[in-house]
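With the sequences and hints as input, model every part of the structure.
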Amino acid sequence: MQNSTISKINGVSLVAAPDSLSHKNVASLKEVNANYVTVMPFGFIRSLSHPEIIYDQERQWFGETRLGVTQYVELLHNNEIEVMMKPQIWVWNGEYTGYVEMASEADWRQLEETYKNFILDFAKIAEAKSIEIFCIGTELEKFIEHRPDYWRELIAEVKKVYNGKLTYAANWDEYSRVPFWDALDYIGVDAYFPVSESETPTVEEAIAGWGRWKKELKDFSEKENKKILFAEYGYRSVNFSGKEPWKSDREMTSVNLEAQTNLLEGLYQSIWDENWFAGGFLWKWFVLNEKVGGPDDNQFTPQNKPALRVVSKFYSTQKE
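Position 13 (the sequence shown) corresponds to 13 in the UniProt record's numbering; numbering is contiguous.
If you are wondering where the hints come from, they were derived from the structure by calculation, not from laboratory data. Quick caveat, the model's predicted, so the values are computed rather than measured. Don't take every hint at face value.
Stated by the list, open to error - No farther apart than 25 angstroms at their CA atoms in a straight line, the calculated lysine to any residue pairs in the SDA-like style are these:
#	residue 1	residue 2
1	K124	A183
2	K8	E199
3	K24	G294
4	K223	E197
5	K8	K142
6	K116	Q60
7	K30	K313
8	K159	D149
9	K247	G164
10	K313	N239
11	K313	N33
12	K243	S176
13	K218	V203
14	K142	T97
15	K116	E101
16	K247	K223
17	K313	W272
18	K227	I155
19	K223	F193
20	K284	E80
21	K243	S198
22	K284	S312
23	K218	D273
24	K218	W172
25	K159	E112
26	K291	F314
27	K215	F314
28	K313	K223
29	K30	K226
30	K243	A183
31	K226	K247
32	K124	R212
33	K124	F44
34	K165	E80
35	K165	E113
36	K116	E52
37	K223	S312
38	K227	A183
39	K284	F42
40	K159	K291
Structure, rendered in structure tokens:
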């Protein structure tokens, strides 16, 4: 499905839904000029130190299961939208996956086995459905730090069943320490870099705030001889959203549509045209477009907000 006229991955991260994907759902993706979508099946772990990952459960939403992601991908491909499959882990109490860490060797080995099963099951679907990119993990810093050899072995196992492009989604403060980029095709970064201390950053402030990070990303890309892919990027429509962009705290109750709009514009102007940059996936996009976002929403989605115009306009220009 590779389209030679597309110069960048102009993607969105599609949140799984309870039901199947429809042509109406896909229409909103076309309207924002997305040429790529992340499909995210989920596995669950009881706590940060629990060694068993469960997935493909009856109680899960359809879009998080093997059957669901297969239906999503078929419809997306039929609409000429390419796909990155990005299996993710959810810790049941919502804790950060970067802190997943086992207490014993036996637990580490069990975690490794259950994670391998989880990843390989979806890698096989990715191969069967000709998915363009497969992401082997998301924000698992401690897991990688303690078990680096396992990850190289896992990548080798994935390559036995999947022939597309591979990446890993490292947190913005983690990517430089990931030891296996040489075995992957893209340097995946969840790009929640702090870029502004202002309540409502201007576009110019956002561009200035990207200066340091842009140089570091460029230098790292050249060092590894791989392009940078923003596996996730985005901002909430909330005050100070450029200060700690990763925060999803519910106690942040302000609504600031201008901040989200300016920060996205600044990111696009700073990063998107760079030769070392492959593109990225906006966090996040909901299936039921007409029922989400809007002027009173302060979460990440740009749907039904002024920021949507910025995304749509910019994505429409990113063709050769």
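Review point. Can you give the numbers of the hints that this structure goes against, from lowest to highest?
Key: 2, 4, 5, 9, 16, 28, 29, 30, 31, 32, 37 and 40
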